[in-house]
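S.K.: Here's the letter readout for the chains.
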Amino acid sequence: MIASLKLLCHLVFVDKSSVRFVVGIVIGLAFSMTTILGTIGIMDAFVFTLRSALKDSSGDIMVQSRYGFFHFDRNIEKKLENPSITHYSKVIKSQGFAINEGNSKGVLIFGIDMKPFNQVTGQNIKISKDELALGFELSKRMEVKVGDYIVLGLASGNSEMKDLPQLKRIKVGQIVKHAIFQKDSRMLYIDNEVLSDMMKLGRGKYNSMVIRVSKGDASEKIDEIVQTLRGDLGYDFMVRPYWQEFGSFFKAIKAEKIMIGLILQLIVVISVINVLAFIIFLNEKRSREIFLFKALGMGQRKFASVWLCMVTMLWGASCLVSLGMVFLLKHFLNNFTYFEQLSAIYNLGSLSLLLSFSDYSLVFISALIWILLIAWWGLFRMKRKSLLEGLRKEFA
Amino acid sequence: MNNKTWLVEARNVKKSFGKVEALGGITLNLEANNQYAVKGTSGSGKSTLLYLLGGLDRPSGGEIFISGKNLSLQTDDELAKFRNQFVGFVFQFHFLLQSMTCMNNILLPGRIRGGSIVEIQKDTHNLAQILGVTHCLEKYPYQLSGGEQQRINIIRALSLRPKLLLCDEPTGNLDSKNTELVTSLLKELASDYQSTLIVVTHDNDVSSKFKNQIVLKDGKLFEVL
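Quick note, the sequences are listed as chains A and B, same order.
In terms of the numbering used here, the first sequence opens at residue 55 and continues consecutively.
In terms of the numbering used here, the second sequence opens at residue 6 and continues consecutively.
The hints are simulated quantities; they were obtained by calculation from the structure and are not laboratory data.
Heads up, a few of these hints could be off.
Calculated cross-link-like contacts (lysine-lysine; reagent style DSSO-like; alpha-carbon spacing at most 30 Å) [what the hints assert, rightly or not]:
| hint | chain 1 | residue 1 | chain 2 | residue 2 |
| --- | --- | --- | --- | --- |
| 1 | A | 225 | A | 199 |
| 2 | A | 339 | B | 86 |
| 3 | B | 182 | B | 144 |
| 4 | A | 259 | A | 159 |
| 5 | A | 60 | B | 24 |
| 6 | A | 384 | A | 109 |
| 7 | A | 222 | B | 144 |
| 8 | A | 447 | B | 168 |
| 9 | A | 180 | A | 222 |
| 10 | B | 74 | A | 437 |
| 11 | A | 231 | A | 169 |
| 12 | B | 144 | A | 339 |
| 13 | A | 133 | A | 159 |
| 14 | B | 225 | A | 447 |
| 15 | B | 222 | B | 19 |
| 16 | B | 74 | A | 439 |
| 17 | B | 225 | B | 168 |
| 18 | A | 439 | B | 182 |
| 19 | A | 70 | A | 437 |
| 20 | A | 447 | A | 437 |
| 21 | A | 447 | B | 19 |
| 22 | B | 222 | A | 447 |
| 23 | B | 182 | A | 447 |
| 24 | B | 168 | A | 439 |
This is chain A alone, in the form it adopts within the complex:
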């Protein structure tokens, strides 16, 4: 088998034009596979990063009161006593304006209790009672840095002057990165007691909670707890897993990924047409050698296995080159600032590439199937001409 394979390889690499043809095929096929892998990889990385970022900014589960503020009493506390819930944090969520020297921006204010909030989320917010933390993009927009002051405006609460907003000048204590553009440009954190006082809510009143279920991304577990809490807390609360904030977005990406994967198969087909051209080229240019091999005793089965083996080697080489190309693409995405700026169009901080074994398998195996189909066709085409006819024609 190996000796026969060497003979067939001799046919392929016997002259420069054939070698160039083979190199072209390998690169073409590798490029096609890389295009698909790159597209899938970017989408997967996008989903993964978005999910991680959401989890890190909101915890595993978000609970929102439907009817405004509630007292966090023993009754609610008991409902959160679930062995799967490792941490929870009560939050006052409100909207307002951040104002700084003519710049103003609508913000989402989180009144938090730092320690449990940091335990629930992946964040590390460290601010004192007279400070606030704000998102990175928001700080850029407001042109503020740590130590600067901004004015926080709340829609209500100014009892002295009716219908005018409540204003408070607060020092910027920290700038936070969420890895989600949208959050970075809207989020503002402040101690919940300070916010409660500003809003004149009184102690022990909140309108949201964030919950940590377990380490890692145990989606099924989270879903299970969400269902339990929905039952326990009743209609007064909206209980949502962390990904629901971008739920429709994830669904769209999933559908898009399948569609793009299918459409990009066209690129593979185009490359496979190159393989077809090569098979026709071999059939025409090397038929003398092929007929002689057969005349000297290379059986159809042996020829077919050697032929398929050679085509598979071409595919294997393409896969290796493709892996190299994917590596380069990953490197470019991670190291070139152009791609970072590009990512601002999306919600993420930067573009990346995430490919699982199944992604590689899917792309490589689908390409192999195409190639083997073409190779079988090539074999069939060769078999049509009788040995004697071929010998006489080629050597006459």
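Please arrange chain B on chain A, whose structure you already have, making use of the hints.
M.R.: Leaving out everything else, chain B in the frame of chain A:
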């Protein structure tokens, strides 16, 4: 006659190419380790008969037995194995691959068979010495004369020590000096290798060198001398 061991038994062998009948029912028996010349005019079916005996083609009718094995019942792969291990071919247009050295051309059947080629290389050097083409082994076929190419072709045909050595107009492209040389070498080597030699020729000078002559005419057995 019944006590003889027939290597080749052809029974009413027919071959048609479309509506053209190349062989119209040939029956003959050929002895092992013997030497035969098949002669006839152009279009008499002698090459067709040779290709059928060598398993390069299948008859349209009748049966061919080689060493008692019916070739018609063999699969394509079995026929390929038969050609590789049982038959040596010497063609008029020597069929040497120009992209390989002569040594590699000679080793082709061995490489197709698989396994060690050390013995074949040793045999090749011996034969090349006998045939006076040692200096050609590392050259490419296009660097050799017609006579040298044909001698390389003969070495390749003998490389796996075949039981049946089939030659189709082996001297067709050679001058008279080389014709005589190649014919006598074929006879001598076939005898040494205990191969049954069948030479197809339209040259009476070549056929006259053989004790057994089969004459074909219009696809039929005309005479056995």
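S.K.: Look at each hint and say if it fits the structure.
M.R.: Going down the list of hints, with the structure as the test:
1. A:225 x A:199: holds (10 Å)
2. A:339 x B:86: holds (26 Å)
3. B:182 x B:144: holds (23 Å)
4. A:259 x A:159: holds (26 Å)
5. A:60 x B:24: violated (41 Å)
6. A:384 x A:109: Answer holds: residue 384 of chain A to residue 109 of chain A is near 24 Å, not above 30 Å.
7. A:222 x B:144: violated (96 Å)
8. A:447 x B:168: Holds. Residue 447 of chain A to residue 168 of chain B sits at ~28 Å (cutoff 30 Å).
9. A:180 x A:222: Judged against 30 Å, a Cα distance of about 20 Å means the pair holds.
10. B:74 x A:437: Since the Cα atoms of residue 74 of chain B and residue 437 of chain A sit roughly 25 Å apart, the hinted pair holds (cutoff 30 Å).
11. A:231 x A:169: holds (18 Å)
12. B:144 x A:339: Given pair residue 144 of chain B, residue 339 of chain A holds - Cα atoms ~23 Å apart, limit 30 Å.
13. A:133 x A:159: violated (37 Å)
14. B:225 x A:447: With Cα atoms ~25 Å apart, residue 225 of chain B and residue 447 of chain A stay inside 30 Å; holds.
15. B:222 x B:19: holds (14 Å)
16. B:74 x A:439: holds (26 Å)
17. B:225 x B:168: Holds. Residue 225 of chain B to residue 168 of chain B sits at ~26 Å (cutoff 30 Å).
18. A:439 x B:182: The hint is violated at about 38 Å.
19. A:70 x A:437: Roughly 27 Å separates the two Cα atoms, so the pair holds.
20. A:447 x A:437: OK: residue 447 of chain A and residue 437 of chain A at ~15 Å, within 30 Å.
21. A:447 x B:19: Cα-Cα ~22 Å, so holds.
22. B:222 x A:447: holds (24 Å)
23. B:182 x A:447: holds (29 Å)
24. B:168 x A:439: Measuring from Cα to Cα gives roughly 28 Å; hence the hint holds.
In this structure, the hints that do not hold are numbers 5, 7, 13 and 18, in rising order.
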